[in-house]
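S.K.: Read off the chains here:
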Amino acid sequence: MRRETVLALVLAVLSVVPFALKPYGIYLLSLWAVMTIAAIGLNLTLGYAGQVSLAQAAFVGIGAYSAALMTTHGWPLGAALVVAVALCFALGWLLGYPALRVAHHYLAFVTLSFGTLVFLVFRNEEWLTKGVYGISGIPRPVLFGWSTKAALDFYFFCLAALVLVAAGTWWLVRSPWGRAFTALRENPVRASSIGVDVRRYTLMAFAIGSALGGVAGVLYAPLVQFIEPGAFALGLSFNLLLMVIVGGSGRFLGPFLGAAVSVLLPEWLRFSEGLYLMLYALFVMALLAFCPAGLLGLKDLFLRKKLR
Amino acid sequence: MRPILEVSGLAKSFGGVAAVNGVSFEVRAGEILGLIGPNGSGKSTLFNCILGQLAPSSGEVRVDGRPITGMRPCDLNRLGISRTFQLLQVFPGISVRENLLLAGQEHQGSMWSRLLGPRDAGLARAAERMIELFRLGAVADQPAGSLSYGQQKLLDVAMAFMAGPRLVLLDEPAGGVNPTMLSGLRERLRAINESERATFVVIEHNMEFVMSLCTRVLVLAEGRVIAEGPPEAIRSNQTVIDAYLGS
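Chains as they are written, first to last, in the working numbering: chain Y, 1 to 308; chain F, 1 to 247.
Keep in mind that the hints were calculated from the coordinates and are not lab data. Just so it is clear, CB atoms sit at the ideal spot from N, CA and C, and this is done for glycine as well. The reader is advised that the hints may include incorrect statements.
As the list claims (entries may be wrong) - So the derived label-pair ranges between C-beta atoms look like this:
id	chain 1	residue 1	chain 2	residue 2	range
1	F	Gly-122	Y	Val-142	43 to 53 Å
2	F	Leu-87	Y	Gln-225	55 to 65 Å
3	Y	Thr-116	F	Arg-135	46 to 56 Å
Work the whole structure out from these sequences, hints included.
M.R.: Written out as structure tokens, the structure is:
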């Protein structure tokens with residue numbers, strides 16, 4: 001089957017399926033779309049450019065708080081999007097500086113500290129964020145007269161955002177920049193010797209990946225309509241990391257599959273009642289033990305077996 | 001003729017060990033300078049200091065009379081100075097063709113024009129020429145990591161030439177390349193030297209290769225220059241023979 005056909009089919013399924021779902025199902029699909037956007041951002045930083053970040057939740061949080069604070073004060077969501085993207089881009093750029101000095105697990109710890117710091121700001125700066133009480137009554141946007149208040153409408157809003165982000169990212173990773181990001185991951189010393197400005201591209205990879213985290217946050221706030229700091233703690237960063245790795249790090253479709261596993265699979269396992277989170281954990285452990293390259297790596301494994 | 005590269009009093013110590021200990025030499029435009037010496041004599045360290053991968057402890061490097069000490073490798077590369085590596089340094093996960101495009105793309109336009117411009121950065125033909133010149137046609141669309149050692153070595157050299165450099169520092173280009181490929185490599189280096197007026201500095205242990213390719217040879221031992229001259233003179237130089245065999 002051709003790539004375009006597959007893409008059209010997937011989009012058709014994603015457009016039809018929610019009509020058959022209860023509100024909770026629609027909510028989960030919307031959450032999948034939002035988390036996929038955040039994971040696409042992390043995949044750019046980690047998967048393509050090879051910079052480990054455990055701070056993606058912080059950027060989702062910054063996006064969500066920007067949206068919550070601004071829309072509850074009468075600003076449109078579009079304005080919140082601009083602010084969140086600019087803020088996350090700038091902070092992501094700054095967070096990239098340590099990556100110029102340290103790599104791998106050391107970098108993971110630096111970004112982990114940043115994530116903690118941002119979480120503490122959300123929790124302790126009550127004058128701004130209302131601390132642990134959170135912000136409620138976050139409105140859903142009205143676009144050119146189309147109200148996205150109903151779950152189904154808001155789902156289509158998220159899906160459209162995902163399609164736009166995916167198209168932009170596809171274009172980015174296929175541009176010379178994408179090639180330079182890959183060079184950073186595969187061999188930074190060689191990259192610098194052929195003129196790749198390692199500093200600039202590393203900072204750019206962090207900034208763009210973080211900005212996409214912000215975009216996800218701007219959608220997350222009106223999706224759940226109530227946010228509190230706990231949602232953006234380290235757990236979410238690890239979860240996003242899991243989505244990237246489980247889906248297939250450095251592969252375009254990885255975040256889509258990874259987010260599906262992380263958001264939807266636990267729900268499908270609910271038939272086992274109390275055991276569902278344990279089954280989910282076992283599934284992830286088994287997958288990564290047998291196929292460290294993630295779900296998309298399974299395909300290669302299968303193809304290689306067939307060729308033998 | 002004015003030297004393209006001037007190295008004066010270059011030194012680099014690691015802890016108490018002086019890997020390069022006050023090396024001075026000049027490279028004239030258009031020549032092929034051989035750099036030989038026993039293992040551990042400081043050849044690769046010297047390259048790394050010239051190219052900004054290591055910060056020299058003291059001394060100066062000039063290109064076209066302009067000091068370049070302390071400049072970043074990527075900026076030096078964009079001045080037209082490129083290099084190959086002793087150990088394999090290609091990008092294993094992307095194809096041979098992509099490796100070549102990558103080696104040229106940062107020399108085209110600005111960062112923003114590269115984002116908005118075409119995927120091949122207008123380098124498809126240049127890459128095709130390199131693929132032809134280094135006979136990599138059969139493997140052009142395979143991941144570089146799947147190539148044989150010798151072919152990866154050739155790709156490494158081809159990448160150094162992608163952006164039409166004026167000065168190329170080659171670190172053991174012949175290592176692990178079979179004899180047939182090797183004579184081909186020599187021919188191609190000579191051809192590029194003549195047609196593009198490119199200047200080379202070549203580190204190599206294969207004496208046959210060095211002596212037949214280079215116009216002048218510099219001998220390093222224990223971080224110092226111990227001899228310099230045309231290949232025939234170096235071959236019979238007693239100091240050089242002692243340094244290699246131990247006196």
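S.K.: If any of the earlier hints don't hold here, list their numbers in rising order.
M.R.: The structure breaks none of the hints.
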